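Chemist: Please take these sequences and the hints and turn them into a complete structure.
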Amino acid sequence: MVGELFINNEDARKTYGIIFGEDSLTALMTPPPVKPYIENKSALVHGKQVLNDEDNPPKLDERDVQLTFYLHAKNREQFLERYQKFTTMLQKGKVDIRTKYQPGTTYHCLYISCAQFSQFNGRLAKFVLKLNEPNPKDRGKND
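According to our numbering, the sequence shown is numbered sequentially starting from 1.
Rather than coming from a laboratory, the hints here were simulated on the basis of the structure.
These numbers were taken from a predicted model, which means no experiment stands behind them.
Errors might be hidden in some of the hints.
As the list claims (entries may be wrong) - In silico SDA-like pairs for lysine to any residue, Cα to Cα no more than 20 Å straight-line:
1. K100 - V34
2. K94 - A115
3. K74 - D11
4. K41 - P58
To be verified - Distance windows between CB atoms, simulated:
5. I38 - G3: 27 to 35 Å
6. T87 - E54: 45 to 53 Å
7. I112 - E10: 44 to 52 Å
8. S113 - E10: 20 to 28 Å
9. K130 - K85: 29 to 37 Å
10. T88 - E54: 22 to 30 Å
11. D53 - Q119: 52 to 60 Å
12. G140 - Q119: 31 to 39 Å
Note that CB positions come from ideal geometry on N, CA and C, so glycine has one too.
Modeler: This is how it looks when you write it as structure tokens:
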């Protein structure tokens, strides 16, 4: 659907013929992990001391996400054109993702690899991409 998914400020459907796989939005919205807590274990006290209060809240860690995208085309020529455009964009590394479902939220990611690629009859392809979100706290608008 046009206006649903934006990659690097481009409407993914219009520009690449790309739509989200069914679990991709869920994968993006999954809360990121936190970095390990600062801990101190001493034989002089019971248990351990953990630094976690208002002045020292846990920090978010990077995360890897796996997203499924489908590329649709009306014929083989359009398929090859869209495929080339999409893979060229991926090879640049920067993949900023925004959806209509979370206005004002942009996931700033880096392309790592394509874990799976399937192509069907020259008009449909499935990409399973591995992306890294280096700083989940930075989900503002595209710069």
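Chemist: Against which earlier hints does the structure fall short, listed by number upward?
Modeler: 1, 5, 7, 9, 10
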